[in-house]
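Keeping their order, the protein sequence lines are chains H and B.
Just so we're on the same page, our numbering is the position in the first sequence counted from 1, plus 949.
Just so we're on the same page, our numbering is the position in the second sequence counted from 1, plus 221.
Honestly, the hints are just simulated from the structure, not real lab data.
Accuracy of the hints is not assured; some may be wrong.
[What the hints assert, rightly or not] A few chain H residues that don't get close to chain B, going by computed Cβ distances all over 10 Å:
no., residue
1, Glu983
2, Thr996
3, Asn1019
4, Gln1023
5, Val1068
6, Ala1069
7, Thr1116
8, Gly1138
9, Glu1181
10, Phe1189
11, Ile1223
12, Asn1242
[Unchecked claim] DSSO-like mimics (lysine-lysine), calculated; alpha carbons at most 30 Å apart, straight line:
no., chain 1, residue 1, chain 2, residue 2
13, B, Lys333, B, Lys343
14, H, Lys1042, B, Lys649
15, B, Lys649, H, Lys990
16, B, Lys608, B, Lys550
17, H, Lys992, B, Lys649
18, B, Lys350, H, Lys971
19, B, Lys649, H, Lys1075
20, B, Lys527, B, Lys649
21, H, Lys1075, H, Lys1042
22, B, Lys254, B, Lys627
23, B, Lys350, B, Lys479
24, B, Lys649, H, Lys971
25, B, Lys484, B, Lys525
26, H, Lys971, B, Lys608
27, H, Lys1042, H, Lys992
28, B, Lys496, H, Lys971
29, B, Lys550, H, Lys971
30, H, Lys971, B, Lys482
31, B, Lys484, B, Lys627
32, B, Lys608, B, Lys484
33, H, Lys1075, H, Lys992
Built from N, CA and C at the ideal position, the CB exists for glycine as well.
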Amino acid sequence: MRKVILQISFALVCISLLTNCKHDDEVFEGPSLEDQFGDFKIKSPLTLSTVQPDFSNNGSMVFYAEFSINADWQIEITGLTTGAKKIITGNDKILGDANATWSGGATSFPAFGNEKCAVALTIPNKIQDTIRDTLEISGLKQDQGLVIVADYENGIGATTDDFSQTTVTQLVNCDGDAAKGSCYLSVSGLVGWDWAHGYIDYTDTSDNGYGLSSNPNSVFFNAAVKAVEGVETSFVQFSFNEDENDDGVFDPATEDTWVVEYWTEDSTWTLYSIAYSDLNVDADNNPVETNGNGVLEPHKLIGVRAFVLANPDAGQNTLYLDQLVFTSNRPYEP
Amino acid sequence: MKVASKILKIGAFGAIALCLTPNFVLGQGGRKKVDFRGLGRAYYFNNKLEVPDSGDTVTAPRNNYGTTLVDLGVNVFPNENTEILGVFRISNELGGYWGGGVEFGVRQLTLKGVAADRFRYKVGDIDLKLTDYTLFNNFEDGDVNEADVFDIQRDVVDYEQFYIDNYWRMQGAQLEFGVKGNDLITDVNFNGFLTRQRASDFNTNPEQLLGGGSIQFVNQNIGFLQYNNTSIFDVTQTTGDSARYGNYVHSVSWGLEKDKKDKRFGLKGESGFSKTSYFGFVDPNRPADFDDGFMEVNGYFDLKEKNLSISAGFMDVGPDFRSPGAQSKRMDYSKTGELYSVITNEAILRPVSAFDYLSLASTNNRNISRELPEYLVWFNNSMPFGKATPNRRGFYLEATKTDSAKTGDVGLQAYMLNEIRGEGTMQKRNFLLLQFTGNLFVNKLIGWKRDVKLTSGLRMENTTRGGQSYETIDMSNLLVDLGANVEFQDDLDLLLGYKLISGVGNEFIDDRDQFNTLRNIAPTTFSVGDGIASIGARYRFTDKVHLSAVYQKYAHANLNSDLLFGINQFYILYNMEF
Chain H
950 MRKVILQISF
960 ALVCISLLTN
970 CKHDDEVFEG
980 PSLEDQFGDF
990 KIKSPLTLST
1000 VQPDFSNNGS
1010 MVFYAEFSIN
1020 ADWQIEITGL
1030 TTGAKKIITG
1040 NDKILGDANA
1050 TWSGGATSFP
1060 AFGNEKCAVA
1070 LTIPNKIQDT
1080 IRDTLEISGL
1090 KQDQGLVIVA
1100 DYENGIGATT
1110 DDFSQTTVTQ
1120 LVNCDGDAAK
1130 GSCYLSVSGL
1140 VGWDWAHGYI
1150 DYTDTSDNGY
1160 GLSSNPNSVF
1170 FNAAVKAVEG
1180 VETSFVQFSF
1190 NEDENDDGVF
1200 DPATEDTWVV
1210 EYWTEDSTWT
1220 LYSIAYSDLN
1230 VDADNNPVET
1240 NGNGVLEPHK
1250 LIGVRAFVLA
1260 NPDAGQNTLY
1270 LDQLVFTSNR
1280 PYEP
Chain B
222 MKVASKILKI
232 GAFGAIALCL
242 TPNFVLGQGG
252 RKKVDFRGLG
262 RAYYFNNKLE
272 VPDSGDTVTA
282 PRNNYGTTLV
292 DLGVNVFPNE
302 NTEILGVFRI
312 SNELGGYWGG
322 GVEFGVRQLT
332 LKGVAADRFR
342 YKVGDIDLKL
352 TDYTLFNNFE
362 DGDVNEADVF
372 DIQRDVVDYE
382 QFYIDNYWRM
392 QGAQLEFGVK
402 GNDLITDVNF
412 NGFLTRQRAS
422 DFNTNPEQLL
432 GGGSIQFVNQ
442 NIGFLQYNNT
452 SIFDVTQTTG
462 DSARYGNYVH
472 SVSWGLEKDK
482 KDKRFGLKGE
492 SGFSKTSYFG
502 FVDPNRPADF
512 DDGFMEVNGY
522 FDLKEKNLSI
532 SAGFMDVGPD
542 FRSPGAQSKR
552 MDYSKTGELY
562 SVITNEAILR
572 PVSAFDYLSL
582 ASTNNRNISR
592 ELPEYLVWFN
602 NSMPFGKATP
612 NRRGFYLEAT
622 KTDSAKTGDV
632 GLQAYMLNEI
642 RGEGTMQKRN
652 FLLLQFTGNL
662 FVNKLIGWKR
672 DVKLTSGLRM
682 ENTTRGGQSY
692 ETIDMSNLLV
702 DLGANVEFQD
712 DLDLLLGYKL
722 ISGVGNEFID
732 DRDQFNTLRN
742 IAPTTFSVGD
752 GIASIGARYR
762 FTDKVHLSAV
772 YQKYAHANLN
782 SDLLFGINQF
792 YILYNMEF
């Protein structure tokens, strides 16, 4: 009996040990601590795929670098003539095609020209120094896939209505101060009794309106705004009218108008972009009420209103508008 | 609704009154057909929050509450093979106006019996336990041979939460039966159960069941071999969503023992594996099905005449071993403390701590958790989910000794464990856990007729990890439990207790998603402690009836977050079992 017990014991212990001691321990679990908290080193310095990028035919260029750990990084490209800037940021270990590709656009206005540019790579939480390089743009980015509401290059555009106070001048200027191209809309005047300065209704009544995607997440509205006078006391109210019943006419009593306001922030050209999917909430992220079905339907958009308003106590106000465009999948890049 | 509620109450009490009539209590043959048992309790708590330096001028510092309740258990024996157990609760909040605080409910309802003189069955509320790795309700953290003065409250919590040893209270059905065998296998015992964990919400959460059981082969002279299974699974088509979760744990446990006149020794063990599946979940973070195993081998030796027991073992629990039935916790650390849930002028959510262990509150948990629950690393870092804690491998040694005159006993446990798979690094944590318990019956030493008992418990835990400076860990935890009982008059005890739990050092706190995947690891520095000092008196009317009055001071200090506060508590508790 003793022998039997010993044999059974030995067999059970062996079975237990042999069957379950093999685990997947060749890797570690979770995000790498070294990538988050390890010593920072630049394993590969900043290099450029080309120093003379040509963006004219959908061209692009890539910035390469490699660090020892994940780090917040920023590449800033500055046009030495126009002052245009493009900023690319991320938190990565390796910079390359996936996260550091540039297609020639600027982060805001003005756009880049054929010019020399300074490149600055900073890793703010890791090193004090800035890593610098230069490049020279040999071909400019071409806007593609834009749905233009108004760029003022050929006057005020296809409008159905407009209004301006008697003391307000609302006109297209082509004096070289445009955000893009040559011309822009100027709304200037002193209105001491009312917020309203002037508006213009743009309408596209063709069969498919502006021809936008039906997915509001993939549609972005963009505008260039410059407050020459009245910074932070003036704003532009953009309204988007949907023809829900496809009769070619917008009925404000039964169809949706989505409204958004942009308060001026700067006396230089500023790019304002908003996803169509964000139009159904207000600044506090509360749902807004409309008179139609309450569904965001960019493919049914037939009208856009740009309405300039300013605080009547703020005195003379001058506001420029340019480049009212829709883009697909991402905000506009000048 | 109120009228209907009153009718229900009157009806229920009428039924109870009918049961109390003699003809109903005794059957025709004089056999008892109805038996009563139950519990009565009344308590009143007076609490006062203390935050130093006028750090809380918002919270009302005093908070009082009290309740009287009676649990009336009725055992009905319709025939010799069937028993119906119902426990009805009537509770009345002290200060309730004209019955406004009265609640009436059914606390337990169980039908059980024997079918065909062989099959034992239970239906309704049942208590289930298998093994440490398959289905096991681990004890709370923060308790090593706790003082009796703390047990007064802990007994209430255990009773209210149905914490009976290491059983889980569930609702379902259980069937057990045994078969006599031959010389090699003398007995075969079967145990099967199926319980409902969650009802479908007809939206995204399908019906969830937990089932399992064991088959045990016994040789009275050698030992046993047992197959165990616990399975948790969502039932398909109980929602419009096709996603379903499943966790299946299989194990084989065994024991070989030789019992002689002066000594007993044996070998036991368990090994098995789990398989976890998140079928049809649309979340892109959903992991592929995964599985992992575990094993434990333990040898033990008892010298009966010397009252000495020694055991040593080796355990290995895989990083991906998931067993919700054995890895759920009694405390829900994801919640905030219920009493004074928001404190200080900065409106800080009061963290769950030692105070909540002794309180009957929403932080108590009695549900099986699909996810690995949160835990406090400074309470228990080496085995937060008991022996089933995944990603642990190592040796342990346990010894207990009682002196021959029964004047005291000591116990010692030592666990030396390490991780099998690193977290965020290939470096692995090492855990050293030392636990000591001791009781001294002073009255036996000095020959006093009344009880005088000193109790002590000490738990020291050290967690380390080597490597580069950004990944090293050095964390030390300490738990001290001290207590004294002095029966200074017949049946009147003076009770003293002190508890200290502290953690000092650095650790990395895991942040896991709903699939138990480690998503983030946050480095955290600890310099934190909880202390409770308690003094009370208890009068024992009988072994099952006592009246206690206790005053205790609780203090929490977290030097990293500069959170300091205390709660002074006085309570009177009357407890009666019948």
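Evaluation of the provided hints:
1. Glu983: 7 Å, violated
2. Thr996: 28 Å, holds
3. Asn1019: 12 Å, holds
4. Gln1023: 23 Å, holds
5. Val1068: 31 Å, holds
6. Ala1069: 28 Å, holds
7. Thr1116: Its Cβ never comes within 10 Å of chain B, the nearest being 52 Å, so this holds.
8. Gly1138: Nearest chain B Cβ is 50 Å from Gly1138(H), so the label holds.
9. Glu1181: Given that every Cβ of chain B is farther than 10 Å from that of Glu1181(H), nearest at about 33 Å, it holds.
10. Phe1189: 32 Å, holds
11. Ile1223: With a cut-off of 10 Å, Ile1223(H) remains clear of chain B, as the shortest Cβ separation is near 27 Å.
12. Asn1242: The claim holds: Asn1242(H) sits with its nearest Cβ about 25 Å from chain B, beyond 10 Å.
13. Lys333(B) x Lys343(B): 4 Å, holds
14. Lys1042(H) x Lys649(B): With Cα atoms ~24 Å apart, Lys1042(H) and Lys649(B) stay inside 30 Å; holds.
15. Lys649(B) x Lys990(H): The given pair, whose Cα atoms are some 25 Å apart, holds under the 30 Å limit.
16. Lys608(B) x Lys550(B): Roughly 12 Å separates the two Cα atoms, so the pair holds.
17. Lys992(H) x Lys649(B): Answer holds: Lys992(H) to Lys649(B) is near 27 Å, not above 30 Å.
18. Lys350(B) x Lys971(H): 28 Å, holds
19. Lys649(B) x Lys1075(H): Status holds; Cα separation ~27 Å.
20. Lys527(B) x Lys649(B): 40 Å, violated
21. Lys1075(H) x Lys1042(H): 12 Å, holds
22. Lys254(B) x Lys627(B): The hint is violated at about 43 Å.
23. Lys350(B) x Lys479(B): 26 Å, holds
24. Lys649(B) x Lys971(H): Since the Cα atoms of Lys649(B) and Lys971(H) sit roughly 16 Å apart, the hinted pair holds (cutoff 30 Å).
25. Lys484(B) x Lys525(B): Holds, because 5 Å separates the two Cα atoms, which is no more than 30 Å.
26. Lys971(H) x Lys608(B): Distance ~18 Å between Lys971(H) and Lys608(B) Cα, so the pair holds.
27. Lys1042(H) x Lys992(H): 10 Å, holds
28. Lys496(B) x Lys971(H): Distance of about 15 Å is within 30 Å: holds.
29. Lys550(B) x Lys971(H): 27 Å, holds
30. Lys971(H) x Lys482(B): 41 Å, violated
31. Lys484(B) x Lys627(B): It holds: about 19 Å lies between the C-alpha atoms, which stays within 30 Å.
32. Lys608(B) x Lys484(B): Holds - the C-alpha atoms of Lys484(B) and Lys608(B) are around 27 Å apart, at most 30 Å.
33. Lys1075(H) x Lys992(H): Holds, at about 14 Å.
In this structure, the hints that do not hold are numbers 1, 20, 22, 30, in rising order.
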